[in-house]
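From first to last, the protein sequence lines are chains A and B. Here my numbering is used: the first residue of the first sequence is 20, the next is one more, and so on. Here my numbering is used: the first residue of the second sequence is 20, the next is one more, and so on.
Worth flagging that the hints you see were computed from the coordinates, not collected in a lab. Among these hints, one or two may not hold up.
[Stated by the list, open to error] In the EDC-like style, the derived pairs of lysine to aspartate or glutamate whose C-alpha atoms are separated by at most 20 Å in a straight line are:
1. Lys170(B) to Asp296(A)
2. Lys110(A) to Asp38(B)
3. Lys170(A) to Asp30(B)
4. Lys180(A) to Asp45(B)
5. Lys180(A) to Glu316(B)
6. Lys204(B) to Asp26(A)
7. Lys110(B) to Glu89(B)
8. Lys50(A) to Glu181(B)
Nothing here was measured: the structure is a model prediction, and the numbers come from that model.
Number of protein chains: 2
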Amino acid sequence: MNELRRDYFTDRWVIIATDRAKRPTDFVRPKPAEPAPLNCFFCPGNEGMTPPSKASYFDGRVLRCEADTEGLPPLTGWVVRAIPNLFPAVKPGEATMASTRQIAAAGVHEVIVETPEHFRQPQGMSDDEIRRLFTAYRDRFSEIARLPYVKYVSLFRNYGKEAGASLAHPHSQIIALPVVPEIVKEQYRHDYSPVIAQEETSGRLVAATQHTVAFAPFASPFPYGVWVFPRRPCKNIAELTDAERDDMAVVTRDVLARVAKLLGDPPYNYAFVQSMDVPLHMHLRIYPRLGIEAGFELNTGININSVPPESAAKSLREITL
Amino acid sequence: MNELRRDYFTDRWVIIATDRAKRPTDFVRPKPAEPAPLNCFFCPGNEGMTPPSKASYFDGRVLRCEADTEGLPPLTGWVVRAIPNLFPAVKPGEATMASTRQIAAAGVHEVIVETPEHFRQPQGMSDDEIRRLFTAYRDRFSEIARLPYVKYVSLFRNYGKEAGASLAHPHSQIIALPVVPEIVKEQYRHDYSPVIAQEETSGRLVAATQHTVAFAPFASPFPYGVWVFPRRPCKNIAELTDAERDDMAVVTRDVLARVAKLLGDPPYNYAFVQSMDVPLHMHLRIYPRLGIEAGFELNTGININSVPPESAAKSLREITL
Chain A
20 MNELRRDYFT DRWVIIATDR AKRPTDFVRP KPAEPAPLNC FFCPGNEGMT
70 PPSKASYFDG RVLRCEADTE GLPPLTGWVV RAIPNLFPAV KPGEATMAST
120 RQIAAAGVHE VIVETPEHFR QPQGMSDDEI RRLFTAYRDR FSEIARLPYV
170 KYVSLFRNYG KEAGASLAHP HSQIIALPVV PEIVKEQYRH DYSPVIAQEE
220 TSGRLVAATQ HTVAFAPFAS PFPYGVWVFP RRPCKNIAEL TDAERDDMAV
270 VTRDVLARVA KLLGDPPYNY AFVQSMDVPL HMHLRIYPRL GIEAGFELNT
320 GININSVPPE SAAKSLREIT L
Chain B
20 MNELRRDYFT DRWVIIATDR AKRPTDFVRP KPAEPAPLNC FFCPGNEGMT
70 PPSKASYFDG RVLRCEADTE GLPPLTGWVV RAIPNLFPAV KPGEATMAST
120 RQIAAAGVHE VIVETPEHFR QPQGMSDDEI RRLFTAYRDR FSEIARLPYV
170 KYVSLFRNYG KEAGASLAHP HSQIIALPVV PEIVKEQYRH DYSPVIAQEE
220 TSGRLVAATQ HTVAFAPFAS PFPYGVWVFP RRPCKNIAEL TDAERDDMAV
270 VTRDVLARVA KLLGDPPYNY AFVQSMDVPL HMHLRIYPRL GIEAGFELNT
320 GININSVPPE SAAKSLREIT L
């Protein structure tokens, strides 16, 4: 019989299909060849098509302007750029409360263009490239978390149309909010160290290094979901040491490469669970998007995961890169 | 500036895009002509291709077998059929607990084939047809809610591929669970009567009749989301009087027809929020599926709704059917 599994700390349940679990090949879909980039907003030479950068990384140096001020001139030669989103969900300003149920959406909505190369997704990046990206994550988080109206910084990535990416050029996003989401508060103050120790020997391990552990969570809501934890509890990416951050970057790239190889380069989302002040064990959640959440999931908050995390982890461990 | 809005009773927030709200026509997509049904499992004459019915409705009578026993012979002439799902997420049995975080997925997974007509979706049904469907909902709910291992009955509908429907023939589903989902518990004991009274004059009203009120909720997570409430608080569909249920059915059909006309027959989900024992004001939530929940939504639980509920309700009220 299938199982209902509950998350480590919250009351979120998931149905795990042990009865008729799907195989990795069940998810592989033909991918139409992506058209060549014509006037891609994020490609080099088109810097004038986006709002001015808040920060631009070059090999060996970074140029940045203060948050909430106008940006940099449209320089070329960058390797990573952080720019305001042209259609922001939230905007700098006062988080005025109209009532206890209504607040002005004050915040920051940035895009991090991860590389000048249109087809260089993180799953195909070199160690240096993925480390550079995580350094940019750290910098933008630190800059934005300082703003007085920011209570939570959501740092996430959408890859592929089915995962919500509207532009193909490699990019991540930051949406900083004037409230802390409930599902983040649910993560406050939990001790994940015993969980990490347990998952290293559970059969759900995907990768383990000096500073980082990646595993398929016991109650993963999505097939092939993987969580990447620094071993040392830190509240956010800015608290990691350079060595810890570099290691987490490379392990993340490694997991993404395994997912891409195993499942035919599927759409995915990843996002950091982190905190600015309250203790929380920051980590990254990677979720390939292989199905659709339908009426049952909306009604119950319970996902149906058609691949037991044990099988998912085994396949991800065993695939040859 | 955009707004963050909080749900009536829970701490669920939503970003409402007042800045650059989309118009109804922004969502209209070309719909490829659906192929004619060849060997549709749910079309008349193919009753032998599905598991035996648990209940079959004919004009003027209903044949049913006890839950947990084998089904009816493959009769023709039915107008509504309830059959076990061929690939069930949950199965009848003992809800054995392996641990506090792991339970056998004991339950019931049924499909309600809503009509013998392959192209007769609820948005195009007659008053009689939609009432008949809601009567079948009531009957199946009552039958399944009696089972000792059932703690929650999720009754929902997926329409269109993007809303998770894998078969085109009109059908609803029931997944009965051995646990009550957290997001249902959050609805326990709230007094929605003041909310309903307020929404009748808020500008978010979509329809109001003797027994039923439909409105775009203040913090709708989805564009054109509509909630349909019976005026009298009832825990579930079995507690409605025949008149209340008939009225709710017709108002629901009316809302679905407005959504279809306004937005080009979009994919949607609907589901009943209900309870078996604890007081709760049962209602139906209708959510057109016009976008994708991506990394931000997964990370924060906060949806970005690109149409203020006030605009959505106005468009839905004003469209001529």
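Against the structure, the hints:
1. Lys170(B) to Asp296(A): violated, 39 Å
2. Lys110(A) to Asp38(B): Measuring from Cα to Cα gives roughly 10 Å; hence the hint holds.
3. Lys170(A) to Asp30(B): holds, 15 Å
4. Lys180(A) to Asp45(B): holds, 18 Å
5. Lys180(A) to Glu316(B): With Cα atoms ~15 Å apart, Lys180(A) and Glu316(B) stay inside 20 Å; holds.
6. Lys204(B) to Asp26(A): This hinted pair holds, its Cα atoms lying about 17 Å apart.
7. Lys110(B) to Glu89(B): holds, 14 Å
8. Lys50(A) to Glu181(B): Holds, at roughly 18 Å.
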